[in-house]
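From first to last, the protein sequence lines stand for chains A and B.
FYI, numbering that gives the first Met the number 0 numbers position 135 of the first sequence as 134, with every residue one higher than the one before it.
FYI, numbering that gives the first Met the number 0 numbers position 81 of the second sequence as 80, with every residue one higher than the one before it.
Calculated directly from the structure, the hints in this document are not laboratory data.
Among the hints, erroneous ones may be present.
[Stated by the list, open to error] DEER-style ranges, computed between Cβ atoms: (1) A:Val-291 - B:Ala-111: 54 to 62 Å; (2) B:Phe-150 - A:Phe-179: 15 to 23 Å; (3) B:Met-36 - A:Arg-64: 28 to 36 Å.
[Said to hold, decoys possible] Cut-off 20 Å, straight-line C-alpha distance, at most; resulting in silico cross-link-like pairs (SDA-like, lysine to any residue): (4) B:Lys-25 - A:Asn-298; (5) B:Lys-25 - A:Leu-95; (6) B:Lys-18 - A:Pro-295; (7) B:Lys-75 - B:Val-87; (8) A:Lys-257 - A:Gln-26.
Quick reminder that beta carbons are idealized off the backbone N, C-alpha and C, glycines included.
Listed here are the chains, written in short residue letters.
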Amino acid sequence: MDFFKRHFFVALSAVLGLIIIAYVGVQGNLQLLFGVVVPYLAALIFVEGLIYRVIQWARSPVPFRIPTTGGQGRTLPWIKRDLGEKLDNPADTPHLIGRMALEVFAFRSLFRNLRTELVKDPDNPEGARLIHWSYKWLWIGAIAFHYAFLVVILRHLRFFTEPTMGFVLMLDHVDGFFQFFTPAVYLSGVVLVAAVGYLLFRRITNPAVRYISLAADYFPLLLILGIGLTGILMRYFFKTDIVAVKELAIGLATLHPKLPANLSALFYVHLFLVCVLFAYFPFSKLMHAPGVFMSPTRNLTCNNRWVMHVNPWNYPVKFHSYAEYEDKFRDAMIEAGIPVEKEQ
Amino acid sequence: MADYKNEFGFFAERPKVEKKLFDRNKVIAGLVIFLVMITIPLWQNLGKTVAAPVPNLDTPVIQKLAEKDKKCVMPKEWMRANHMQMLVDWRDNVVRTKEQQVTTSRGREFVAPDGKQYLASLTNTCFECHSNKAQFCDQCHNYVAVAPNCFGCHLETGKKLAEAK
Numbered sequence: 000m001d002f003f004k005r006h007f008f009v010a011l012s013a014v015l016g017l018i019i020i021a022y023v024g025v026q027g028n029l030q031l032l033f034g035v036v037v038p039y040l041a042a043l044i045f046v047e048g049l050i051y052r053v054i055q056w057a058r059s060p061v062p063f064r065i066p067t068t069g070g071q072g073r074t075l076p077w078i079k080r081d082l083g084e085k086l087d088n089p090a091d092t093p094h095l096i097g098r099m100a101l102e103v104f105a106f107r108s109l110f111r112n113l114r115t116e117l118v119k120d121p122d123n124p125e126g127a128r129l130i131h132w133s134y135k136w137l138w139i140g141a142i143a144f145h146y147a148f149l150v151v152i153l154r155h156l157r158f159f160t161e162p163t164m165g166f167v168l169m170l171d172h173v174d175g176f177f178q179f180f181t182p183a184v185y186l187s188g189v190v191l192v193a194a195v196g197y198l199l200f201r202r203i204t205n206p207a208v209r210y211i212s213l214a215a216d217y218f219p220l221l222l223i224l225g226i227g228l229t230g231i232l233m234r235y236f237f238k239t240d241i242v243a244v245k246e247l248a249i250g251l252a253t254l255h256p257k258l259p260a261n262l263s264a265l266f267y268v269h270l271f272l273v274c275v276l277f278a279y280f281p282f283s284k285l286m287h288a289p290g291v292f293m294s295p296t297r298n299l300t301c302n303n304r305w306v307m308h309v310n311p312w313n314y315p316v317k318f319h320s321y322a323e324y325e326d327k328f329r330d331a332m333i334e335a336g337i338p339v340e341k342e343q
Numbered sequence: 000m001a002d003y004k005n006e007f008g009f010f011a012e013r014p015k016v017e018k019k020l021f022d023r024n025k026v027i028a029g030l031v032i033f034l035v036m037i038t039i040p041l042w043q044n045l046g047k048t049v050a051a052p053v054p055n056l057d058t059p060v061i062q063k064l065a066e067k068d069k070k071c072v073m074p075k076e077w078m079r080a081n082h083m084q085m086l087v088d089w090r091d092n093v094v095r096t097k098e099q100q101v102t103t104s105r106g107r108e109f110v111a112p113d114g115k116q117y118l119a120s121l122t123n124t125c126f127e128c129h130s131n132k133a134q135f136c137d138q139c140h141n142y143v144a145v146a147p148n149c150f151g152c153h154l155e156t157g158k159k160l161a162e163a164k
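Only chain A is shown next, with the shape it has when bound in the complex (with noise of 0.2 Å):
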């Protein structure tokens, strides 16, 4: 079995043996372990996994900027920086915060020019040109679902809150705005499930991509992607009780935990998959969620040429001089015939 298929086909039969887990654990009557006992750990290890990694982080020094900067950056005052160059290589807090912005809201990353390729090219004396090119398509699949996946998870509240908050009411409405098929049909899980589609499709097809793409990679894709289907597949044609997903659910919110009996395996099968994301979090590269607030290389002003900054690893260095290394070795220099700065 070669690389991929190695590393596809664990994650593949990782998510697959979690569903059957779920279910034969729910018809084993494992109720209260998957409704109430997971929910509850998943949560416990998402929230303490994820302080404890950014404290990790932070206790690290970042001793020098490191600018990759995409932009000119601030010099002389007749070398123009127009705001896209300041954006890219802010120069003060203002802009550090545009360009963070940009990073977080925006993907300003992903759409920069990550590709370098040779393309065929009659025209040119050797046949091929060099051509640097951004993923348009990476960035648009990117953005598209982790927006929906937002949405996704704050429509949720409705199980979470009693009376349920206004605005997720109103994403409500805005998400269901083409009211086709009953019940109304959510464009967030539609794009959801596209986009992590086209990004599975992208890692799996592009060979550049799929060569370093490991088990990890394609795990968190294949899981959002079982929860979005399991999720859309309980919405739409398997129903089961929402009354008693919402007692479930505010039940575990107000702390006072109650199972309802009227619930199907395909939402547990749902639920265990969102537990597993959850614990799964921490350890995994889905921790770029805070890193993206941490990276050195976004969240620090370009300022190196006039701020000095002192690396806290620094140690006196002990020297060894020319002059005391002429003072051991004189001797045998003059004996060499080498030319020596000191006589005696």
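With chain A held as given, fit chain B onto it using these hints.
Using the frame of chain A, we list chain B on its own:
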């Protein structure tokens, strides 16, 4: 700090970097914002005990029914999860004359599992017994924050028309 020497020359021991939280205030502020956001459901519900909705079955028509007839067209548990799908099927069969085999209904007639035949109609069959929309339908619908648009025509307009007459 003991010096040591290798083949390249003299070096000092790597010093211990002070273990501390760099940018302490910013990091803690970020973590607090994260914690507050993630626990919105907890403090929004703090100290509350939210009772599950109990749909009210106390209507004149239901009270008049004999004890053995006091049951819905389908089992209660099934209806709790699937009533919306049944209504959609009814609509499709009636309005769009989709005469395909549907488990629950065919055309305008609906045969319950016990063999009893009903008219497949929200206004005429369901609301015949469940005339108390606010205490029956809305209880659960509000609880799970769904706003089915059936009622745009099927109840309010019917009432208004009756009042107009």
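task = Compare the structure with the hints numbered earlier in the document and write down the numbers of the violated ones, lowest to highest.
result = Per hint list: zero violations.
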